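> The primary structure of each chain is shown beneath.
2 protein chains.
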Amino acid sequence: MTDSARNNAVVLLSGGLDSATTLAIAKDRQFDCYALSIDYGQRHTAELNAARRIANALGAVDHKILTVDLTAFGGSALTDTSIAVPTTGENTGIPVTYVPARNTIMLSLALAWAETLNCRDIFTGVNAVDYSGYPDCRPEFIHAFETMANLATKAAIEGDQVTIHAPLINLPKKDIILTGLTLGVDYSLTVSCYQADAAGRACGACDSCCIRRDGFTAAGIEDRTRYRNV
Amino acid sequence: MTDSARNNAVVLLSGGLDSATTLAIAKDRQFDCYALSIDYGQRHTAELNAARRIANALGAVDHKILTVDLTAFGGSALTDTSIAVPTTGENTGIPVTYVPARNTIMLSLALAWAETLNCRDIFTGVNAVDYSGYPDCRPEFIHAFETMANLATKAAIEGDQVTIHAPLINLPKKDIILTGLTLGVDYSLTVSCYQADAAGRACGACDSCCIRRDGFTAAGIEDRTRYRNV
Numbered sequence: 001m002t003d004s005a006r007n008n009a010v011v012l013l014s015g016g017l018d019s020a021t022t023l024a025i026a027k028d029r030q031f032d033c034y035a036l037s038i039d040y041g042q043r044h045t046a047e048l049n050a051a052r053r054i055a056n057a058l059g060a061v062d063h064k065i066l067t068v069d070l071t072a073f074g075g076s077a078l079t080d081t082s083i084a085v086p087t088t089g090e091n092t093g094i095p096v097t098y099v100p101a102r103n104t105i106m107l108s109l110a111l112a113w114a115e116t117l118n119c120r121d122i123f124t125g126v127n128a129v130d131y132s133g134y135p136d137c138r139p140e141f142i143h144a145f146e147t148m149a150n151l152a153t154k155a156a157i158e159g160d161q162v163t164i165h166a167p168l169i170n171l172p173k174k175d176i177i178l179t180g181l182t183l184g185v186d187y188s189l190t191v192s193c194y195q196a197d198a199a200g201r202a203c204g205a206c207d208s209c210c211i212r213r214d215g216f217t218a219a220g221i222e223d224r225t226r227y228r229n230v
Numbered sequence: 001m002t003d004s005a006r007n008n009a010v011v012l013l014s015g016g017l018d019s020a021t022t023l024a025i026a027k028d029r030q031f032d033c034y035a036l037s038i039d040y041g042q043r044h045t046a047e048l049n050a051a052r053r054i055a056n057a058l059g060a061v062d063h064k065i066l067t068v069d070l071t072a073f074g075g076s077a078l079t080d081t082s083i084a085v086p087t088t089g090e091n092t093g094i095p096v097t098y099v100p101a102r103n104t105i106m107l108s109l110a111l112a113w114a115e116t117l118n119c120r121d122i123f124t125g126v127n128a129v130d131y132s133g134y135p136d137c138r139p140e141f142i143h144a145f146e147t148m149a150n151l152a153t154k155a156a157i158e159g160d161q162v163t164i165h166a167p168l169i170n171l172p173k174k175d176i177i178l179t180g181l182t183l184g185v186d187y188s189l190t191v192s193c194y195q196a197d198a199a200g201r202a203c204g205a206c207d208s209c210c211i212r213r214d215g216f217t218a219a220g221i222e223d224r225t226r227y228r229n230v
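Residue numbers (my numbering), protein chains in the order written: chain P, 1 to 230; chain B, 1 to 230.
I should point out that these hints are in silico values taken from the structure, not numbers from a laboratory.
Bear in mind that the values here come from a model prediction, so they are computed numbers and not experimental data.
There may be inaccurate statements among the hints.
Pairs involving identical chains hold if they fit within one copy or between any two copies, as the list cannot separate such chains.
[Claimed, not checked] Computed list of lysine to any residue pairs in SDA-like fashion (alpha-carbon distance at most 20 angstroms, straight line):
#: 1; residue 1: Lys-27; residue 2: Asn-7
#: 2; residue 1: Lys-64; residue 2: Gly-74
#: 3; residue 1: Lys-27; residue 2: Val-129
#: 4; residue 1: Lys-27; residue 2: Thr-179
#: 5; residue 1: Lys-64; residue 2: Gly-41
#: 6; residue 1: Lys-64; residue 2: Arg-52
#: 7; residue 1: Lys-174; residue 2: Ala-128
#: 8; residue 1: Lys-154; residue 2: Arg-213
#: 9; residue 1: Lys-154; residue 2: Asp-223
#: 10; residue 1: Lys-174; residue 2: Thr-45
#: 11; residue 1: Lys-174; residue 2: Asn-118
#: 12; residue 1: Lys-64; residue 2: Asp-39
#: 13; residue 1: Lys-174; residue 2: Leu-117
#: 14; residue 1: Lys-64; residue 2: Asp-214
#: 15; residue 1: Lys-174; residue 2: Arg-226
#: 16; residue 1: Lys-174; residue 2: Glu-158
#: 17; residue 1: Lys-174; residue 2: Asp-160
#: 18; residue 1: Lys-64; residue 2: Ala-84
#: 19; residue 1: Lys-174; residue 2: Leu-66
#: 20; residue 1: Lys-174; residue 2: Leu-48
#: 21; residue 1: Lys-154; residue 2: Ala-128
#: 22; residue 1: Lys-174; residue 2: His-143
#: 23; residue 1: Lys-27; residue 2: Thr-217
#: 24; residue 1: Lys-27; residue 2: Thr-45
#: 25; residue 1: Lys-27; residue 2: Ala-198
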């Protein structure tokens with residue numbers, strides 16, 4: 001591997017608050033960042049427009065949007081329009097906004113790009129504190145994915161190591177926001193809402209909106225999210 | 001979970017000899033089979049047509065073809081037309097036909113469908129004997145993927161187990177063919193060639209063709225593969 005490839009990282013970028021912060025952290029750690037967004041048929045395509053703006057604002061070397069139509073499988077309020085997005089902040093069990101195997105699929109695609117780039121570092125913004133109870137946001141999942149990745153690839157054969165960085169995994173939303181602000185993230189560019197409108201304006205009522213708003217409140221930072229009902 | 005879901009399995013079906021045999025084995029084990037093919041931009045789209053015929057012939061309950069455009073990443077002779085498919089049976093290291101993270105991605109998509117179907121069994125035709133030296137065809141990779149899958153999904157939270165079945169993993173090609181024949185697989189429907197033409201006729205010269213032909217010879221079975229130069 002060339003030395004330059006050592007400084008490359010693939011960063012999963014949804015367009016939300018967490019992944020924008022993760023991209024800023026990767027850049028702060030001196031990585032040249034290749035941002036990857038997945039259009040999996042989510043309701044909130046405004047997220048992908050946000051991802052473009054964030055990748056540009058934070059100086060990603062490249063940004064790809066890959067399409068994988070998970071609506072073919074359904075099974076989530078985010079990929080099946082017959083399932084309503086709940087408008088409550090209450091968490092009881094795994095919510096209907098959980099998309100089956102989403103993080104596994106996204107990390108797998110990031111792994112593929114990392115391998116073609118000959119780079120060994122992948123960043124994801126998964127978070128196990130102020131999250132929605134998804135099984136694939138837990139540290140033990142990330143560790144297991146990393147172990148698997150180190151058997152799946154050329155790097156494994158060549159004795160090299162892939163690292164899955166999840167720098168937010170143990171941070172409360174408040175600390176994620178404060179970290180991002182010190183790194184220059186403009187959160188007004190990000191879209192977290194599960195059902196944002198085409199202009200990227202948030203509903204203010206879904207789980208993701210509630211967690212985000214509570215984070216700004218806890219951080220004592222003005223919430224510059226654009227809500228469509230305000 | 002309902003009892004009926006217990007009998008469902010997602011079977012990865014490329015349209016080649018191995019995956020056709022795997023589908024027949026899953027069916028023989030009394031599973032109702034949901035066949036999944038991935039159009040990842042491979043040169044040999046004739047494989048996908050073969051997959052349709054095989055799914056039908058072997059009585060799959062459903063067959064989905066999901067598109068994931070891995071040509072966006074390139075890095076393989078199968079997804080980047082600027083890289084030639086080698087016309088030799090020699091194996092020295094990982095060949096250029098290796099598609100980065102392909103099996104990881106395919107198993108991840110199978111996992112997603114399995115979760116929406118509420119089934120716990122996934123079949124893959126990976127094989128670690130007469131294979132092309134790909135890192136993601138080894139038993140240790142399959143075991144690591146299974147471990148990861150059991151942390152990634154609702155099943156994990158609910159205390160249930162996902163099983164990745166790789167019934168061919170330790171079989172020589174000869175034994176795969178003999179197994180398939182006892183289960184009624186019509187191998188003339190399958191396409192293994194890395195660069196089959198649109199009609200599904202094989203080149204007879206690539207790695208995959210050589211392994212397949214040697215398998216029929218070793219089994220003492222007539223090779224009914226349609227070669228375009230014969």
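> For each hint, tell me whether it holds in the structure or not.
Now the hints, each set against the structure:
| no. | hint | verdict |
| --- | --- | --- |
| 1 | Lys-27 to Asn-7 | within (10 angstroms within a copy, 48 angstroms between copies) |
| 2 | Lys-64 to Gly-74 | between (24 angstroms within a copy, 13 angstroms between copies) |
| 3 | Lys-27 to Val-129 | neither (23 angstroms within a copy, 43 angstroms between copies) |
| 4 | Lys-27 to Thr-179 | within (13 angstroms within a copy, 53 angstroms between copies) |
| 5 | Lys-64 to Gly-41 | both (16 angstroms within a copy, 16 angstroms between copies) |
| 6 | Lys-64 to Arg-52 | within (9 angstroms within a copy, 31 angstroms between copies) |
| 7 | Lys-174 to Ala-128 | within (13 angstroms within a copy, 48 angstroms between copies) |
| 8 | Lys-154 to Arg-213 | neither (43 angstroms within a copy, 27 angstroms between copies) |
| 9 | Lys-154 to Asp-223 | neither (44 angstroms within a copy, 33 angstroms between copies) |
| 10 | Lys-174 to Thr-45 | neither (25 angstroms within a copy, 49 angstroms between copies) |
| 11 | Lys-174 to Asn-118 | neither (35 angstroms within a copy, 36 angstroms between copies) |
| 12 | Lys-64 to Asp-39 | both (10 angstroms within a copy, 19 angstroms between copies) |
| 13 | Lys-174 to Leu-117 | neither (34 angstroms within a copy, 37 angstroms between copies) |
| 14 | Lys-64 to Asp-214 | neither (31 angstroms within a copy, 41 angstroms between copies) |
| 15 | Lys-174 to Arg-226 | within (19 angstroms within a copy, 63 angstroms between copies) |
| 16 | Lys-174 to Glu-158 | neither (41 angstroms within a copy, 30 angstroms between copies) |
| 17 | Lys-174 to Asp-160 | neither (36 angstroms within a copy, 34 angstroms between copies) |
| 18 | Lys-64 to Ala-84 | neither (29 angstroms within a copy, 25 angstroms between copies) |
| 19 | Lys-174 to Leu-66 | neither (30 angstroms within a copy, 39 angstroms between copies) |
| 20 | Lys-174 to Leu-48 | neither (24 angstroms within a copy, 48 angstroms between copies) |
| 21 | Lys-154 to Ala-128 | between (30 angstroms within a copy, 15 angstroms between copies) |
| 22 | Lys-174 to His-143 | neither (24 angstroms within a copy, 38 angstroms between copies) |
| 23 | Lys-27 to Thr-217 | neither (27 angstroms within a copy, 55 angstroms between copies) |
| 24 | Lys-27 to Thr-45 | neither (25 angstroms within a copy, 39 angstroms between copies) |
| 25 | Lys-27 to Ala-198 | neither (29 angstroms within a copy, 45 angstroms between copies) |
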